[in-house]
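Q: Following the hints, position chains G, U and L against chain B.
If you want the building blocks of each chain, they are given just below.
4 protein chains.
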Amino acid sequence: MCGIVGVYCDDDSFTSRIAYYALFSLQHRGQESAGISISGEDFKVYKGMGLVNEVFDDKTLSRLRGNSAIGHVRYSTTGESKLENAQPLFVKSKSGSISVAHNGNLVNYRELRRELESDGRVFLTDSDTEVIAHLLSSYLLKNEIEEALALLTEKLCGSFTLALLLNHMVVGYRDPMGFKPLCVGKLENGYILASESCAIDSVGGELVRDVKPGEAVIIEDGELRFERIAESNQKAICVFEYIYFARPDSIIDGRSVYSVRFDIGRTLAKENPVEVDIISPVPDSGTTSSIGYAYESGIPYIEALIKNRYVGRTFIMPGQRSRELSVQLKMNALKENVRGRKVLLIDDSIVRGTTSRRIVDLVRKAGAKEVHFRVGSPPIISPCYFGIDMSTREELIASSKTVEDIRKAINADSLAYLSLKGLIKSVRIDEEDLCLACLTSDYPVEVPGEICLRCSARA
Amino acid sequence: MCGIVGVYCDDDSFTSRIAYYALFSLQHRGQESAGISISGEDFKVYKGMGLVNEVFDDKTLSRLRGNSAIGHVRYSTTGESKLENAQPLFVKSKSGSISVAHNGNLVNYRELRRELESDGRVFLTDSDTEVIAHLLSSYLLKNEIEEALALLTEKLCGSFTLALLLNHMVVGYRDPMGFKPLCVGKLENGYILASESCAIDSVGGELVRDVKPGEAVIIEDGELRFERIAESNQKAICVFEYIYFARPDSIIDGRSVYSVRFDIGRTLAKENPVEVDIISPVPDSGTTSSIGYAYESGIPYIEALIKNRYVGRTFIMPGQRSRELSVQLKMNALKENVRGRKVLLIDDSIVRGTTSRRIVDLVRKAGAKEVHFRVGSPPIISPCYFGIDMSTREELIASSKTVEDIRKAINADSLAYLSLKGLIKSVRIDEEDLCLACLTSDYPVEVPGEICLRCSARA
Amino acid sequence: MCGIVGVYCDDDSFTSRIAYYALFSLQHRGQESAGISISGEDFKVYKGMGLVNEVFDDKTLSRLRGNSAIGHVRYSTTGESKLENAQPLFVKSKSGSISVAHNGNLVNYRELRRELESDGRVFLTDSDTEVIAHLLSSYLLKNEIEEALALLTEKLCGSFTLALLLNHMVVGYRDPMGFKPLCVGKLENGYILASESCAIDSVGGELVRDVKPGEAVIIEDGELRFERIAESNQKAICVFEYIYFARPDSIIDGRSVYSVRFDIGRTLAKENPVEVDIISPVPDSGTTSSIGYAYESGIPYIEALIKNRYVGRTFIMPGQRSRELSVQLKMNALKENVRGRKVLLIDDSIVRGTTSRRIVDLVRKAGAKEVHFRVGSPPIISPCYFGIDMSTREELIASSKTVEDIRKAINADSLAYLSLKGLIKSVRIDEEDLCLACLTSDYPVEVPGEICLRCSARA
Amino acid sequence: MCGIVGVYCDDDSFTSRIAYYALFSLQHRGQESAGISISGEDFKVYKGMGLVNEVFDDKTLSRLRGNSAIGHVRYSTTGESKLENAQPLFVKSKSGSISVAHNGNLVNYRELRRELESDGRVFLTDSDTEVIAHLLSSYLLKNEIEEALALLTEKLCGSFTLALLLNHMVVGYRDPMGFKPLCVGKLENGYILASESCAIDSVGGELVRDVKPGEAVIIEDGELRFERIAESNQKAICVFEYIYFARPDSIIDGRSVYSVRFDIGRTLAKENPVEVDIISPVPDSGTTSSIGYAYESGIPYIEALIKNRYVGRTFIMPGQRSRELSVQLKMNALKENVRGRKVLLIDDSIVRGTTSRRIVDLVRKAGAKEVHFRVGSPPIISPCYFGIDMSTREELIASSKTVEDIRKAINADSLAYLSLKGLIKSVRIDEEDLCLACLTSDYPVEVPGEICLRCSARA
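Protein chains in written order, with the working numbering: chain B, 1 to 459; chain G, 1 to 459; chain U, 1 to 459; chain L, 1 to 459.
So that you can see chain B by itself, here it is in the shape it has in the complex:
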């Protein structure tokens, strides 16, 4: 759960600004830290904790001159929130300056690190990105970038979409499974790579196309080329980007995220109709599917809940009373809209169920006659090992409870999930090209302690 960008711009005073704006558009992918590496007369890295606009100001961006840059916004999946883990990582090597921005998660990180340590290598961070930098440095000793990426691909297991800055060269790379997205845009006087197309829009660029799984995009001396690095016999595109994570105005692997969510809502309406007076999203995650559901069903779309636009940044104070207050702080029910009515609430997913329960109670307390709940995805039953921060299996309510049990737990009058088939139909990508592990427990690569059906199949 991170966002990455790469930029080449003829005007070396504008490159860092483009990277800044692009990262700003990817802020939803990570709020913990932000950073930019840039290569001009010298090589500079600037990063800090916090939001993009907290880390950078005009003065800082003015100092970051150069034609080539990469950037990163980080979402902390571990509890550790430290500046040293902020990206891009920057190292100096025999081949010169190497900067790495990484979106994904290496399943064999510990193993790789142990191997490198046995060689006397030392590590300054706890991030799997440092392992990537070490390997890349070794491979680049005797190889061009294409071959080095191929060697890296053989070594790494897990998800890794990368933006690299190698001296003046900008490189984007997507692992052969293609877990996490990456796309390329054309600027008036340069190119941009980004996790999502909304970043390209935000800087006035044109989407060229998605980088394919196993493909690299290389910008050298102002020229862009695509290179196939590794065969991609089997893809594993993360379905959760469509369900929840990506911005609705992005187009990922050819599919509009808004359209997918709208279709999810329509499919949900067909699969699980319900007689209610109004349809309301759980804001903001359920908005688009609610609009789709209302469109399909003809039932009025009227909000039952209002979200405090500033809430994302508050801290919750210790103590029981404070915790109770915290629910009310984030959302408020609209009494006039729900009083005496049958209300359908729609959300994109249910993880632990505790928030859903509080929301249902809020709407009931505001006077709703009935509160129904629909979910824009099948039940989440297994953890993600490829970069999405879900709970452990113990915390996933659907890993141990039936739908009826969950309905009771969240205190809804009725509850229904989207079917897996309905989801795939809405996404409109072949089932075998999607990673659905969190919904099916079927992991596309071997994860210690988890069953990997496809691996078995391959074996």
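No lab work stands behind these hints, which were simulated from the structure alone.
Please note that a few of the clues may not be correct.
Just so you know, same-sequence chains aren't split out, so a pair can sit in one copy or run between any two.
[Said to hold, decoys possible] Listed below are the simulated DSS-like cross-link pairs for lysine-lysine, each with C-alpha atoms no more than 27 Å apart in a straight line:
#, residue 1, residue 2
1, K59, K44
2, K186, K212
3, K212, K155
4, K59, K335
5, K142, K94
6, K44, K82
Every value quoted in this text rests on a predicted model; they were computed, and no experiment measured them.
A: Relative to the frame of chain B, chains G, U and L by itself:
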């Protein structure tokens, strides 16, 4: 354009937290500064520049102990953004500690200040709130609070809704015209006053009722009483609170803000129907009226635009290219939703028209066949002198242009405003009890250089 | 215990820099806060907590443009360390902008404030400087500055050396007793007023002369004039400026501070000879008098103690062991210099005696055969009410103990103080023109609860 | 020019405090950054830019729990002032956690780094300390610490006094030449290693002895042992520690720094007598030798110059006038002491001569009849490559000018330097055991581009 609160709580370690949460819910009313005054064993004031959660942390709140408190969030109407202008203002006087939080604007501020200065008085800030503190101190020398407020009311001209902390006493007061709102809530173990009822909801309180124009609410020794201070022959409730300013989940003077906006949308649909494929809000200001319009017209509500949730806090860099980029940063058009379609955009109001133009162009560029525009209020033709930050008359596009000229200026295929009658009907408050000056140029109190029809009538 | 400056400079971009450098040279007079008021096209005030170079940077100084300025460094005499108490104080009044920087202490502050409050006046700070601003504003309503200062002098009781900025006019004033110093310097293209002449030296100016007690210096339209405001029948120049407080390179009321301290050392040697191997100061307060003692006695000046140059800014951590460590942190004994020797330590004064005890022990522990102690002032027996931060009477060791008792308490082999006569001889100012209250209990103005011999005399 | 410490303490809540206090006492060795690594239940590093008391506060120290710690204060010898260069450096390796604090400079740093890079290694900083960490990690793969240090010694060329924290083990090591000092102290419940003995005094410890060149001190499981790691046929103890760098209250390699400087002053008086009225130090660097000169010559020690105690931390503003002012800001001449007198100024050394010139002018302008200058060291003619920040040869005034030329350049009536013989006599360490390269151009190890007489001898 500020938010104020007053709190009395039996548990002196919780008072500042309630004030904090309440201010947090009123954050939309002012983002420049925040502050809390509290009266316990001693009298403390803490204020700072920035958002409520930037100014306060748990440690600070823990130190602010006492049973009585008032708070303030400030929206800077002048260019001057200085800590010394942050509220609540706190002074010491013969009558003890006086702290003032003010929502409104004094039309005769300069005159009053000159008068006080002629007496040798000195001023440490440029705020009209300091004038209020001076007068209050003088009146309290020989009078009880009720009489002091009555004397103050005779002296002040303009809008003034106040939260006062006088030693241990919490006082709320609304000027006889009642421009800006104030309501009272009951807590489990205390009371709360707030600009909007959403703040009462946020701390789990129950709305008791609105404070009436000319009425004071006084909390002394844990007892709350209402006192009529001044006759209110003629009210001037700000209609813009309903149109734009207040949070949709608030109830102001008995009317749900969401319902008013929803009805505005419905009325607009009846007054100005249009044949389109989809209805989309200009996010977020046009959301509720769009839902109402869609409800009334039966045309699908599908978003044409997505707003970057983080954009509120960004800075825009200097330079032409940066300014152009800034439009794209705030919003993105959803190509798949608008391509080849007739789109109706709805916003709450048009001030200068430049943003509306950019949004229409964005939707056109994304492929819309036609772009129509509807506005949830009549044209704004006159500036506000009572606390809403509108442009000067020169900048108000509707002050000099016809609707057809504005349509051309914003490049829409059609444009229509809500009628004044339609607005009043949607608000459901008697016309004579509303301040409609920005829409009619008819000011409820005399403003130098402006015509005051009602004053003439009274004279 | 504060430092004040006033500057007039033809070059409006240099005025604030001169004030900055001058304040920097007066840093020893106050480390809590620093501020500058400047009058150019508009009137600006900038102040902050901390050292001069922490509060100001080049950017800030560049923005403070104007020809006239005053500045202040504050030493907190109360425990309260708040920005609102930082000076210069700035108010707006009928007569325009008034900014006040004050060195001194008003004995009748409470009384004056009560009087003003009875008139309905309000106060935003707890500082006696705000009372001065109120009175000044009132007097300036109908009077020129000279008359206003005369009226102020009649009203105020205590010590008050002032730097004022009244619109574009810079004014320096010293109360008729002349407690705290003020001198005037000539710059290449302007004038400077400062608490001490070292500030004039630091900006390359020439000392013109001291401002006399009861005299004002007024800089208006680039012209400087002296004005006698009040008769000064009886002076009370603070002797502690010479003993401890002022910088040794300053000349105050015609006397070099270094020379006074050197002479104190010589006199001490004559009054209280002792047979020792080396003479060492308690650094840094005893340095100059030790050099004088060594000069007079012919005994070698060799340091027994080294002070950590960075220690002034450290914090001492809680806990007994930390407190013990803190002594060692500030100073270290030079074993090689004291081992087996008779050592004479000289300090400027003894307040509570605890530090002196620790220092004597430190030197003993380092191997000294004998440790003798000499003090460059008579015993301090009474508190100061005019601006020097001494302990209350209970804490002054000499207020209740004999010299022999003190010798035992600090564990010295012998102890002697300078005689009052010896002090006066060293200062070379007439006894009746000095304030010696802390050494004699004879207060020059009436202090509630203290005996005022001179007042009695006058009565 | 850095300071290092190592601490073992039985009380794990006190270890970081001891390290803090010790670093505080070594603050003169580096003001750019400070840091502590500590090993308890886990391994923590905390470092920051600025002074020790700016980087650490009580809360931070409370969180740093453990029995073993090392610390570092850094003086920036390069222009680059970055957090990433702050020490201790911390890496994770096969052998566990390795933290390194380094005082010295590696002459073959570039070469070693290139060698490691050829192996694919990557570097995150520009510091030679990272090279040490890499090598140490490799050597520890198969060796105990003693052997690893021996291997390291064979590899490194230059000066390297180290404090290491290897998991729970604290190690101090001094290269076989012994350029930079290191000593060991005994605490009530533990041990301390430090660059200078003043740090041991500051925490109430007892100096055990200096670590010898080529010797390591290892604290493991609370037990301390010394280990000889490398033969030390030829030492090169930095003479500048005695002349200028170390604190006067430290004892280095058995010699009191104060005594050395005092003896330098006495020797100078014998070698270069002069007929003057007063002897004054250039504060603070010339203080001790001035006292020694006065002692030997019998001429009165009276200060001609006063230093502003706060000046160390100021910034100097751009512009010619500001630069001129800056001289006056740092020091002021005492007119009464120098007027009409013959003055002898003594400083520890002259580097570029510009400051000496300004000081002489200052004293002349204050009225001195004659100004003579004596220097407590021979002329500095060659740069230091082992950690002392001197100018390049071009900037060293004595590298190209005769003493008479220098006298003219600094505008003194007479000028004399201490002889090399006089210096060695004062230090009382065998000439062959000292590094005198900056005074003789005879480098103890081969430096590219410099002549190494001893190497030649060895060859």
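Q: State for each hint whether it applies.
A: To see whether the hints hold, each was checked on the structure:
Taking the closest pair of Cα atoms, K59 and K44 come within 27 Å of each other both inside a single copy (14 Å) and across two copies (25 Å). Only within a single protomer do K186 and K212 lie at most 27 Å apart by alpha-carbon distance; the minimum there is 17 Å, versus 59 Å between protomers. Only within a single protomer do K212 and K155 lie at most 27 Å apart by alpha-carbon distance; the minimum there is 20 Å, versus 48 Å between protomers. Taking the shortest Cα distances, K59 and K335 never come within 27 Å of each other, neither inside one copy (48 Å) nor across copies (35 Å).
Both within a single protomer and between protomers do K142 and K94 lie at most 27 Å apart by alpha-carbon distance, with minima of 10 Å and 26 Å respectively. Within a single copy, K44 and K82 get their C-alpha atoms as close as 20 Å, and across copies as close as 12 Å, so both meet the 27 Å cut-off.
Hint 4 from the earlier list is the only one contradicted by this structure; the remaining hints agree with it.
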